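Chains as they are written, first to last, in the numbering used here: chain A, -15 to 602; chain B, 2 to 206; chain C, 5 to 337.
The set of hints was computed from the structure by calculation and includes no laboratory data. Just so it is clear, the structure is predicted and the values come from calculations on it, not from any experiment. Don't take each hint at face value.
Said to hold, decoys possible - What follows is a list of derived Cβ distance ranges for each label pair:
| id | chain 1 | residue 1 | chain 2 | residue 2 | range |
| --- | --- | --- | --- | --- | --- |
| 1 | B | Val188 | A | Phe278 | 23 to 29 Å |
| 2 | C | Phe97 | A | Val51 | 41 to 47 Å |
| 3 | B | Phe144 | C | Ile79 | 44 to 50 Å |
| 4 | A | Ala48 | C | Asp61 | 28 to 34 Å |
Glycine included, each C-beta is placed from N, C-alpha and C at the ideal position.
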Amino acid sequence: MVSIPFPVVRPLKPVGIWGWLTTIDHKKIGVLYGTTAFILFLTGGVEALLIRLQLAIPNNTLIAPEVYNQLFTMHGTTMIFLAIMPLGAAFFNFVIPLQIGARDVAFPRLNAFSFWTFLAGAIILKMSWVLGGAPNAGWFGYAPITGKIFNLGHGIDFWIVGLQVLGVASLAAAFNFIVTIVNMRAPGLTLMRMPIFTWMTLITSILLVLAFPVITVALIELMFDRTFGTVFFVTSGGGDPLLWQHLFWVFGHPEVYILILPAMGIISEIIPTFSRKPIFGYNVVVLSGVIIGFLGWMVWSHHMFTVGLGPIANSIFAITTMLIAIPTGVKIFNWIATLWKGSIDLKSPMLYSIGFIVLFVIGGLSGTMHSSAASDAQQQDTYFIVAHIHYVLFGGSLFAIFAGIHYWFPKVTGRLMNELSGRISFLLLFVGMNITFFPMHFLGLDGMPRRTYTYSSEMGWDLWNLVATLGVFFIIAAVLLFLHNVTRSWRKGEKADSDPWDGRTLEWSIPSPVPEYNFVEIPIVKSRDDFWEKKRSGDTAEIELNLREPTGDIHLPQPSYWPAFASLGMLIGGFGLVYLLDSMLGLLAAVVGGMIIMISIYAWSFEPVNDPDVSGHH
Amino acid sequence: MANLNTTHSEHEEHTTTGLNNRKMLMWAFLGSDCMFFAALIATYVIYSGQIVGGGPVPEDVFSIPVTSVSTFVLLMSSMSMVLAYSALVRGQIKNFQIWILSTAFLGMTFIGFQVFEFRDFVLHGLTPKTNLFGSTFFVLTGFHGAHVTLGIIWLLSLYFFSLRGGVTPERHLDVDLAALYWHFVDVVWIVIFTVVYLLGVFPGI
Amino acid sequence: MGCTPDHPQSTFNVAGPVAESQLTLFYWILAAAVFVFVIVTAILFWAVFRYRRKVSDKDPEQIHGNTKLEIAWTILPAIILVFVAIPTVITIFDNANSPCTYEEGCLEVTVEAAQWFWNFTYKDPSNPDLEVMTSNEMRIPVDEVVNIRLTSRDVLHSFWIPNIAGKLDIVPNHVNTMWIQSNIEGEFYAQCAEFCGIAHALMSFRVYADSRDEFNEWMKLQATEASIPAEPLALEGKKLFEGEKQCYACHKVMGTKARSNVGPDLTHVASRTQLAAGILDNTQDNLRKWLEDPESIKPGNKMARQATVYTDETKKLNDPEISALVAYLQTLK
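With the sequences and hints as input, model every part of the structure.
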């Protein structure tokens, strides 16, 4: 064996901050994603609160238009890229290896790199607020107003670089989960025996792999316009704003399925568990997910119905958009059929799931209204769209995330969240969400355009804007109560055993919290809902084994510095790219960042393997 | 990248499909890179023929004979890559070193041609700022060139590594992964050469 | 509710065929949506109520699926969607193809949208000799097809008169076209509906549908040059406008030295009902306020940010100057 003198020894069992910085354990990484993303979710909520305070009354002067434009841009960008996506990643990370009977993901260091790079992207984006101004052209950054002529400051540059860095993180995670799910399943766990959440994660990861590069190219072209004077979107040079829109939405539409499929996966776990019945129509639910993933590539121009593509294009995209409503509806019917004749336990996860169904149906139906290009001409760019977005993303994705947190909290922490507090939070969130967003349907149909920092009283929009703002306070109460529940239960919640919900899938067959090695012995899967089947048929030897201490050594990979170090390079390089033309410092930062990344890649590749005699033993 | 050591012996590691994890990773990555180039090529194609405000067009600057040579060089580099891998698998380390070094040199030659070509275009008045042709052409071929360059660095790393005895037949996967990447980058160039150069000068084809 | 037709930008208050077709389609889909929602939530709530867990519960039957049901609830939504798709496509084509193009003898208005105001240039086959270009207020003949050509001077905008028609975006380097028609005489509010920068929220305009005769009168007026004022204060204002205050640098007044089209045309500004792109009633008081401090009324607007009288402290307009300018502008009927 050749050895290269290596100055940096791979850490053995670091504790404290270093423990977290060098961890490659998917469970720890999941917790890192979850807590970081939740904090960022709160910042996105503050951005929303300020928007709603400004719109509470007509002709308000609380927020100046320049700031307002940054607020709605950052609210959207934060919620989508810094909250919902990484909260989804938190669940992928923690749950997937457990559901497929693996000890970790396929590439543990790459997994850590995904998280730290996500953090780098989040820092780059959020720091823009205090470094001269946040991006201000909306979360889809339409050209040409994002060009240098119309947007001089660095806000848009932060947006571009932040999203590129986040894109790297998302792609790395997607690669990891594809390989993990396809290649690391326990013996006997065929594709059609996988939990629905695992299936949805797989489809989402494939969508990520294929969609992100498209926005990468759009952002590169925009950045080159702004930094190097190319003319991709510069109208005087012949640039076409519609090219930006096409590139963005070819990414952007699969992106919304990236946002909702994991949520649908979570719901597909909770409803069967809390009904004590298997998911109704497993094959169809899986197939629907696949079809949605596929059809999702054929609908993008429904975001562009009013840009003048012509009646033929508009008709085609209207039809494809209506088509995609079918597999979506089919999933909903299957969830209801799962409940039917079940034994339904209305604990918090189930409450949020039922809330999800109601709210997502509303969002889906308003989506169907948008799909009709002709009548969409009255709805596009109004609050009717804002209502639709929030019903599917807040009522949909976010409710599923809250459901998932309640559901898997005992597995992560070994304790239960407080049930009464959970139910009150749910009620407050459900009521608040509807008070805030339902009136927006009226405002849109009443002619209120979106992205407007104020309005005049003669429009007749006063009442519903005020109501919408009042709803926000219910949401705030719900979230604060939820936070209190989480933080208190983490330390002092009622202790949970390995299977508090009488679950169906493999993660409930091991102790809570989960030991570092996950399974004493990788289970041999004999059917779908293998854990449930084994429980009910008395075939429990394997289960009992996994609840005890291991008898021999279990080899685990050691922690590593290089993923976080590489992400540091992304952070420094990212800032360098923003300030590239400003001074030598920008160029220097870009170069230094690039070098850190290169060094990390080499070190990562040549890192000495953990000595089986020394590390990760249990 | 080449691994001195792995977590445990790669060829013993059991996977559900039988396909090695890192190989699958490379395929997934190449899938994303496919979409990346597809978007850049789409931008080029959408804007082709739309020159606003003057400046050179493809017929003014392209030299099909010269670019055919560089294309041939890159194709040959794929062949030498195959030979390198084949030599390694049969334990012929010396031959492996010759062929992988050749691949890297052929790649560098290709880049040399590109640098020459870019300089030539600039002298003819075509820069990324000049017009849509300039913007789309330079960004597309520039990013391809960047991919080639990263590949050359990877190949040279493998070469120097093998000088210290670090590349063995058991570690053939490391070279296999580099080869996959290299062939992909070559295939992308074939597409670019056809769509950008050939169709740019002979639109009737 | 949203169904308050008396609100000026309500999509429920339809004045013409395009908006009407869009509203009809909306009601149709709304009906289907409400139907689906009621049924789905009813079944959902019934299931949750009927099958809630009792302590004595044993495991329910582990039903895995039902193919017939799957087929049924795939086909049924598909059928409903066919009934949505067909009227959709028909309406798309109806609204896209003008029933009477300019070549066929109907009015054409070219809209130029700029940050943050509107220019309207008329080509009327019924008034072929009149050259009309005006800003921020559009008049159309009632009961007639009006062909709209949309151009942008800078960034994306969107042309939206909710009572009359759904919107069409205005894309730089493109010319989008649409047709509109109002069958009711009256005043209609319009607003830019694609984010276009700081003052996007305050980029509106008014549309007036008049009888053909009244419209012809208006066209004739708009085509005439500005008259020279008689009253001394107004004359003083004209001198300032065309002189040291440099208003001419951005605003056109036909027949005078002021010929720039950087900003809105002011030739007949006194004949309009609104100021500053549809956001201020056109009164002497408001005009005065606008000239005193445009930034406070329309934050970010280019006049406030670029005109020397607002950017250079030494060149500020004083009260008498404002009075003169107001007097002059009010003669521009």
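**OP:** Against the structure, test the hints numbered earlier, and report the numbers of the ones violated in rising order.
**Re:** 4
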